[in-house]
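Participant: Take a look at the letters that make up each chain.
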Amino acid sequence: AQKVTQAQTEISVVEKEDVTLDCVYETRDTTYYLFWYKQPPSGELVFLIRRNSFDEQNEISGRYSWNFQKSTSSFNFTITASQVVDSAVYFCALRGSNTGNQFYFGTGTSLTVIP
Amino acid sequence: ETGVTQSPTHLIKTRGQQVTLRCSSQSGHNTVSWYQQALGQGPQFIFQYYREEENGRGNFPPRFSGLQFPNYSSELNVNALELDDSALYLCASSLGGTSVPYEQYFGPGTRLTVT
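Protein sequences appear in the order of chains Z and H. Residue 9 is where the first sequence starts when you use my numbering, and the numbers rise one by one after that. Residue 335 is where the second sequence starts when you use my numbering, and the numbers rise one by one after that.
Honestly, the hints are just simulated from the structure, not real lab data. It is possible that part of the hints are untrue.
As the list claims (entries may be wrong) - Calculated Cβ distances over 10 Å to all of chain Z for the following chain H residues: (1) PRO342; (2) LEU345; (3) THR348; (4) ARG349; (5) GLN378; (6) PRO395; (7) ASP418; (8) SER420; (9) GLU437; (10) ARG445.
Claimed, not checked - Stretch-level coverage of chain Z by chain H, calculated; a stretch enters the list once three of its residues show a Cβ under 8 Å from a Cβ in chain H: (11) 68–75; (12) 109–121.
To be verified - A few chain H residues that face chain Z, going by a derived Cβ cut-off under 8 Å, partial list only: (13) PHE379; (14) GLY392; (15) PRO396.
Just so it is clear, CB atoms sit at the ideal spot from N, CA and C, and this is done for glycine as well.
Kindly produce the complete structure, drawing on both the sequences and the hints.
Facilitator: As structure tokens, then:
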């Protein structure tokens, strides 16, 4: 079975604080792909990153960084020096190699950055 | 480069009616996926079309059907609408035809309300 768990439903931080959004996944596939998407109030999901299961190298893009750990089945997302524009719902998603092209999304974490 | 567009933006239907939602994929993309996103939930995969053929389906009943046209635009049809069909319907386009999933680019969605 494929499953993505985002245990943090809502998070509030003050601007310039760092924040980490957790994502835990379950899959029996040996090859799989993980994604993060941002959904601002306008509703359109915005692609942030894709990570392949065979590449555990962490990635940094500006204020965003991702920590992929296969040992704990986690793919956490950190925003450094948060800004009000980061306020959105963030989704983690999983696509296995044997799931007929289906993407499995978590329930999302709503981040509010307070000025 | 034109992004993913969806129409209509909002729609109100009565239980038992039928509805057709439309999606134009991003230029150069040959794959379209449809998702249902209930309020406060993550997107749920309905199905995917690749080169006019259904290429994967989630756990949705047959009254959810689709089409993809030669220009790769797509339609989602829902028959015999139920109150629980009220949701945001998202279309996502991507490149397909390989074992490695490309990132999906989402449209702004159609908000369907069934009364």
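Participant: Look at each hint and say if it fits the structure.
Facilitator: Outcome of the hint check:
The Cβ of H/PRO342 sits about 14 Å from the closest Cβ of chain Z, beyond the 10 Å cut-off, so the non-interface label holds. No Cβ of chain Z approaches the Cβ of H/LEU345 within 10 Å, the least distance being about 14 Å, so the stated non-interface status holds. The non-interface label for H/THR348 is consistent with chain Z: the shortest C-beta to C-beta separation is roughly 24 Å, beyond 10 Å. Chain Z leaves H/ARG349 outside its interface by the beta-carbon criterion, the shortest separation being 24 Å against a cut-off of 10 Å.
Not every beta carbon of chain Z lies more than 10 Å from that of H/GLN378, the smallest distance being close to 7 Å; the non-interface claim is violated. Residue-level check passed: H/PRO395 sits 16 Å from the nearest beta carbon of chain Z, beyond 10 Å. The non-interface label for H/ASP418 is consistent with chain Z: the shortest C-beta to C-beta separation is roughly 17 Å, beyond 10 Å. No beta-carbon of chain Z is positioned within 10 Å of the beta-carbon of H/SER420; the least distance is around 15 Å.
With a least beta-carbon separation of about 5 Å from chain Z, H/GLU437 fails to lie farther than 10 Å from that chain, contradicting its non-interface assignment. Taking the minimum C-beta to C-beta distance to chain Z, about 8 Å, the non-interface status of H/ARG445 is violated against the 10 Å cut. Counting residues of the segment 68–75 of chain Z whose C-beta sits closer than 8 Å to any C-beta of chain H gives 0, which falls short of three, so the coverage hint is violated. Residues of the segment 109–121 of chain Z with a Cβ under 8 Å from some Cβ of chain H number 8, which satisfies the need for three, so the listed coverage holds.
The restraint placing H/PHE379 at the interface with chain Z holds, with a minimum CB-CB distance near 5 Å, inside the 8 Å limit. Given hint, H/GLY392 at the interface with chain Z, holds; its Cβ is 6 Å from that chain's nearest Cβ, closer than 8 Å. Given the 8 Å rule on beta carbons, the hint for H/PRO396 is violated: about 17 Å separates it from the nearest Cβ of chain Z.
In this structure, the earlier hints numbered 5, 9, 10, 11, 15 are contradicted, and the remaining ones agree with it.
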